[in-house]
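Line by line, the protein sequences give chains A and B. Going by our numbering, the first sequence opens with residue 5, and the numbers climb by one from there. Going by our numbering, the second sequence opens with residue 5, and the numbers climb by one from there.
Hints are computed from structural coordinates only; laboratory data are not their basis. Any given hint might turn out to be false.
The list makes no distinction among identical chains, and a pair is therefore deemed to hold if it is satisfied within one copy or across any two copies.
[What the hints assert, rightly or not] Think about it this way: if two alpha-carbon atoms lie no more than 30 Å apart in a straight line, the pair counts; the simulated DSBU-like pairs of lysine-lysine are:
{"#": "1", "residue 1": "129", "residue 2": "185"}
{"#": "2", "residue 1": "109", "residue 2": "75"}
{"#": "3", "residue 1": "109", "residue 2": "70"}
{"#": "4", "residue 1": "174", "residue 2": "185"}
{"#": "5", "residue 1": "109", "residue 2": "72"}
{"#": "6", "residue 1": "174", "residue 2": "121"}
{"#": "7", "residue 1": "109", "residue 2": "129"}
{"#": "8", "residue 1": "98", "residue 2": "198"}
{"#": "9", "residue 1": "174", "residue 2": "98"}
{"#": "10", "residue 1": "185", "residue 2": "98"}
{"#": "11", "residue 1": "98", "residue 2": "70"}
{"#": "12", "residue 1": "174", "residue 2": "129"}
{"#": "13", "residue 1": "72", "residue 2": "129"}
{"#": "14", "residue 1": "72", "residue 2": "174"}
2 protein chains.
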Amino acid sequence: MENEQFLNQNDFYQIVLGRRSVKSYDPSVRISREEMAEILEEATRAPSSVNMQPWRFVVIETPEGKEKLAKLARFNQTQVSTSSAMIAVFGDMKSVEYAEDIYSKQVELGYMPQEVKEQLLAAFKPSYENMPQRDMRDVVLIDSGLVCMQLMLVARAHGYDTNPIGGYEKDQIAEAFGLDKDRYVPVMLISVGKAASEGYPSYRLPVETVTTWV
Amino acid sequence: MENEQFLNQNDFYQIVLGRRSVKSYDPSVRISREEMAEILEEATRAPSSVNMQPWRFVVIETPEGKEKLAKLARFNQTQVSTSSAMIAVFGDMKSVEYAEDIYSKQVELGYMPQEVKEQLLAAFKPSYENMPQRDMRDVVLIDSGLVCMQLMLVARAHGYDTNPIGGYEKDQIAEAFGLDKDRYVPVMLISVGKAASEGYPSYRLPVETVTTWV
Chain A
5 MENEQFLNQN DFYQIVLGRR SVKSYDPSVR ISREEMAEIL EEATRAPSSV
55 NMQPWRFVVI ETPEGKEKLA KLARFNQTQV STSSAMIAVF GDMKSVEYAE
105 DIYSKQVELG YMPQEVKEQL LAAFKPSYEN MPQRDMRDVV LIDSGLVCMQ
155 LMLVARAHGY DTNPIGGYEK DQIAEAFGLD KDRYVPVMLI SVGKAASEGY
205 PSYRLPVETV TTWV
Chain B
5 MENEQFLNQN DFYQIVLGRR SVKSYDPSVR ISREEMAEIL EEATRAPSSV
55 NMQPWRFVVI ETPEGKEKLA KLARFNQTQV STSSAMIAVF GDMKSVEYAE
105 DIYSKQVELG YMPQEVKEQL LAAFKPSYEN MPQRDMRDVV LIDSGLVCMQ
155 LMLVARAHGY DTNPIGGYEK DQIAEAFGLD KDRYVPVMLI SVGKAASEGY
205 PSYRLPVETV TTWV
C-alpha cells in the first residue's frame, strides 16, 4: 500500500487522523503472540473507573477459532478470513474481584501508600460489589470503549490496521468461546491485520453540531 | 513541569504511554474556543457504529458553568476549579435523526455512491429506529468510550492533560445543562488543562490475566 510506506509508526497525527476502518487484509501475515501481547499491553494503559480494568480479550487467530467466529459474524466474513486475528472484547461484570490484587500491587510498586489503598478500597469496593447490574454494565461498556480505541491506535503504531465491528451475534459470543455470558458482556470485535486495501474516508458532523459551550 | 518540556507533541508513544490522570491544573490557562473545537474535531475522527457519531459534548468553561457543575462533582472539586474546561460527554439515544444528513454528506463528498447510501440506510435505519432502549444504550456508551479515549490523547498532543471522571451526579447532569435526560445518557466528565502537578503511575493487570488465545 502506498500509504503504508510513508507511515512513520510513531507519528501521532498520522496514526490518529489516518486511521480508517480496514476490512480486507493480507491473509499471509501472522502477528506473533509476543507482538499481540505487546499491543494489548499498550492498549491496556487506557484508564478505567477506579482502575478496575474490566476489559477482557479473546484473541481469535487459529483456523478453528475463526471458523467458530465466522458463524457469529456473517456480515464480516472478509475481516474474519483475511485478518491476522480477530479480537473479541468483553466487559467483566465482576472486575471488582481483582480489586485487592490491583491495589496491593500498587502499594508494592510504591505507587500508593498502604493507608491510601485501604481508604480507596473501603470507599469503592462495597458500592462496586452491590452496584445494580445496569449501572455496572454502563461502567464496563464505557471503560471497554476506552481500551478499544487505544487498541486500534496502538495497532497502527505497530503497522497494522483494524475494523471495529458491532454487528455480530452478541448473544452467543461469550458461550461460543467458553465464557460465562452473565459475567462477560460483549463489547465489539476488532479485526487486526496488514491492510490489503485502503479504508474509505468518512464524514463527521461539524463540532458545532455535537457541542454546547457553557 | 519537568516532563512537559520534553514532550514532543506528535510523539505517539510519549502521548499514549505517558498519559496519566492529572487532577490539578494551572488555573490561569485558558483554552481558546478555536483550539478546543480543534481538539474535539480531532477526537471525533473516532469510529462509531454505522458512523452515527452519538457523542455529544458540553464544554463547561465559564465560572457560572463550573459553579453549576461543582455541585454535581463534589469529589472532584480540584479538577472543576483548576481546569481550563470540563467536558461533559453524553451519548445521544436518538443519533439516528442525523442518519440522512451524515449519509447525504458522504455522497456529496464523493465518499460513497448514492446507491450504497440507500442500501446502507435501508439496512440499518429501521433497526436503529426500533432498537430497544437497552441495546441503544449499549451502543452509545461504547461509541462514546471510543471518542473519550481519543479526546484524552488528542488533548495531550495539544499540550494538555486530562482526568476522566465517572463519579458524579449522573442522574442530574443532563437537566442541569438543559438537555433532555431521556435522550442524552451521561458518559463521563473529562477535565482538561495545563498540568500543575504530575499524575500518579498506575498498575495494570498482566496481559495474560485479561486475555485468552483461541
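Now for the hints, and whether the structure bears them out:
1. Proximity of residue 129 and residue 185 under a CA criterion of 30 Å is satisfied in both settings, with 23 Å inside one chain copy and 28 Å between copies.
2. Taking the shortest Cα distances, residue 109 and residue 75 never come within 30 Å of each other, neither inside one copy (40 Å) nor across copies (34 Å).
3. In this assembly of identical chains, residue 109 and residue 70 lie within 30 Å of each other by CA distance neither inside one copy nor across copies; the values are 36 Å within and 36 Å between.
4. Both within a single protomer and between protomers do residue 174 and residue 185 lie at most 30 Å apart by alpha-carbon distance, with minima of 10 Å and 27 Å respectively.
5. When the C-alpha separation of residue 109 and residue 72 is checked against a cutoff of 30 Å, the pair qualifies neither within a copy, at 37 Å, nor between copies, at 38 Å.
6. Taking CA atoms no more than 30 Å apart as the test, residue 174 paired with residue 121 passes between copies only; the shortest distance there is 26 Å, against 36 Å inside one copy.
7. Proximity of residue 109 and residue 129 under a CA criterion of 30 Å is satisfied intra-copy only: 16 Å inside one chain copy versus 47 Å between copies.
8. Proximity of residue 98 and residue 198 under a CA criterion of 30 Å is satisfied in neither setting, with 35 Å inside one chain copy and 35 Å between copies.
9. Taking the closest pair of Cα atoms, residue 174 and residue 98 come within 30 Å of each other both inside a single copy (19 Å) and across two copies (22 Å).
10. With identical chains, the CA atoms of residue 185 and residue 98 are at most 30 Å apart both within one copy (12 Å) and between copies (28 Å).
11. For the homomeric pair residue 98 and residue 70, the shortest alpha-carbon distance inside one copy (27 Å) is at most 30 Å, but the shortest distance between copies (34 Å) is not.
12. Proximity of residue 174 and residue 129 under a CA criterion of 30 Å is satisfied in both settings, with 29 Å inside one chain copy and 19 Å between copies.
13. In the homo-oligomer, the alpha carbons of residue 72 and residue 129 lie at most 30 Å apart only across protomers (29 Å), although the nearest pairing inside one protomer, at 37 Å, exceeds that limit.
14. In this homomeric assembly, residue 72 and residue 174 come within 30 Å of each other (Cα to Cα) only inside a single copy, at 14 Å, whereas the closest approach across copies is 40 Å.
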